[in-house]
Structure formats: structure tokens, C-alpha cells
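Just so you know, the protein sequences line up as chains A and B, in that order. Counting from 1, position 22 in the first sequence corresponds to residue 22 in the numbering used here; the numbering is continuous, with no gaps. Counting from 1, position 69 in the second sequence corresponds to residue 69 in the numbering used here; the numbering is continuous, with no gaps.
Hints are computed from structural coordinates only; laboratory data are not their basis. Since we're looking at a predicted model, the values are computed, not measured. For each residue, glycine too, the CB sits at the ideal point set by N, CA and C. Just so you know, not all the hints are guaranteed correct.
To be verified - Not everything, but these chain B residues come out facing chain A in the computed CB check (under 7 Å):
#: 1; residue: Leu-45
#: 2; residue: Phe-105
#: 3; residue: Gly-106
#: 4; residue: Asp-107
#: 5; residue: Gly-108
#: 6; residue: Leu-111
Residue strings, one per chain:
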Amino acid sequence: SQKIEQNSEALNIQEGKTATLTCNYTNYSPAYLQWYRQDPGRGPVFLLLIRENEKEKRKERLKVTFDTTLKQSLFHITASQPADSATYLCALLIYNQGGKLIFGQGTELSVKP
Amino acid sequence: SAVISQKPSRDICQRGTSLTIQCQVDSQVTMMFWYRQQPGQSLTLIATANQGSEATYESGFVIDKFPISRPNLTFSTLTVSNMSPEDSSIYLCSVGEGADQPQHFGDGTRLSIL
């Protein structure tokens, strides 16, 4: 069956450390993988998109890797801050399904001062 | 990026009634999507609404239960019909400009059915 799995446990880290979130998928062939941030009571906000032929993408303190052999994406936040505390969602875009995004269940990140 | 406004932001409804949720975008967009997010869960796509064509529904969602309108390139509505407590959820609309573009979301409608 097709699945997208993110760290099910909440991730608690100390301010200034690097947070690493995992997104694994099975039985999908995604064209793109996207990461979103969702704060309580708000809609998801787009962070980064990485294509199947890209290994790594960076934006300021954020870095995403995409390994289509391992079927895994890693999302890193360096020099984390309490303001980075939120739920982070990965989403796959599948070639033969138009613009449809399939979301993982999200990982809740808490950065302590 | 597009700014999306959803109305109402929340509502409490009686079983058996229907509620129409509005999604207004501040610019013309090609693709609009409707999602459901149940408490503590991720987003599940209900349907894709493109202007000028019938909405495309995902498995498990039917037009009779979730009729959608898309009268122009800046507006869409989702109706949740004949509601039951199982329909209690957050309903979100999003917009996108193509398969390789990010989606931009509204803040959702929090719906509780008594």
C-alpha cells in the first residue's frame, strides 16, 4: 500500500541546535516533494520544493534533501529558534495525478530556549 | 503569493443541516483545492476545482455530500451537506498555479456538528 511517514513522535530540541525531520514514502513515484509549516489554528505555509532530480535544496537556515533510492527526504533547520516551533508537513506530488498533493501526518517540533 | 480568505472561520451546526464555506483569492488562479484536516491528522484532499469544469473528487468523497462551485478564477465554495458529527473537522482551501508550484492555503473553517 502507499504510505507517507514522518517522525510520529514530537521532536524537542534546544535552541541553536539543528533539527532534522524525516519523511519516508513507499509505493509512490513523486515528481516533487514539498515541505510546509503549520502553526496552530492556521493553514500550512509553503517552505521548500525539491524535484526528483535534485539532491539538495537550501533556503536561509533550511535545507532539504531528497533520495529517491531510499524514498526519503530529510528537512533540516540549522541554528533553530523557539519561533521555529510548529508542525512540519511533507507532501508528495505524483506525476500522473495532476497537481494533487499527498501529505504526511506531520512532525511537531518544539525548540526550547 | 496569493492571499486566501475563508469564511466562516468557524461554525457550530446541527446534525442534518448544510453549511457552505467560501474561499476568496486576491488574484486569479488556475487550480483550487479543498482539503479536510481532522483533529491531529494530516490533510486529505477532497476535490480539485478548476474554473469552467466540474470538480474532480478523490476516492471517498462524493459530489452529493460535498458539492463545489467554481464560478470564476478568484472564488470557490464547498458545501458540507446533511452533516453528521463525523463531519466535524477543519476544511481548508488552497490555490496553485501548476503541478510544480507550491500551494497557498487559507486558514481553514473549523466545523463542529452537534
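### List of violated hint numbers, smallest to largest
6
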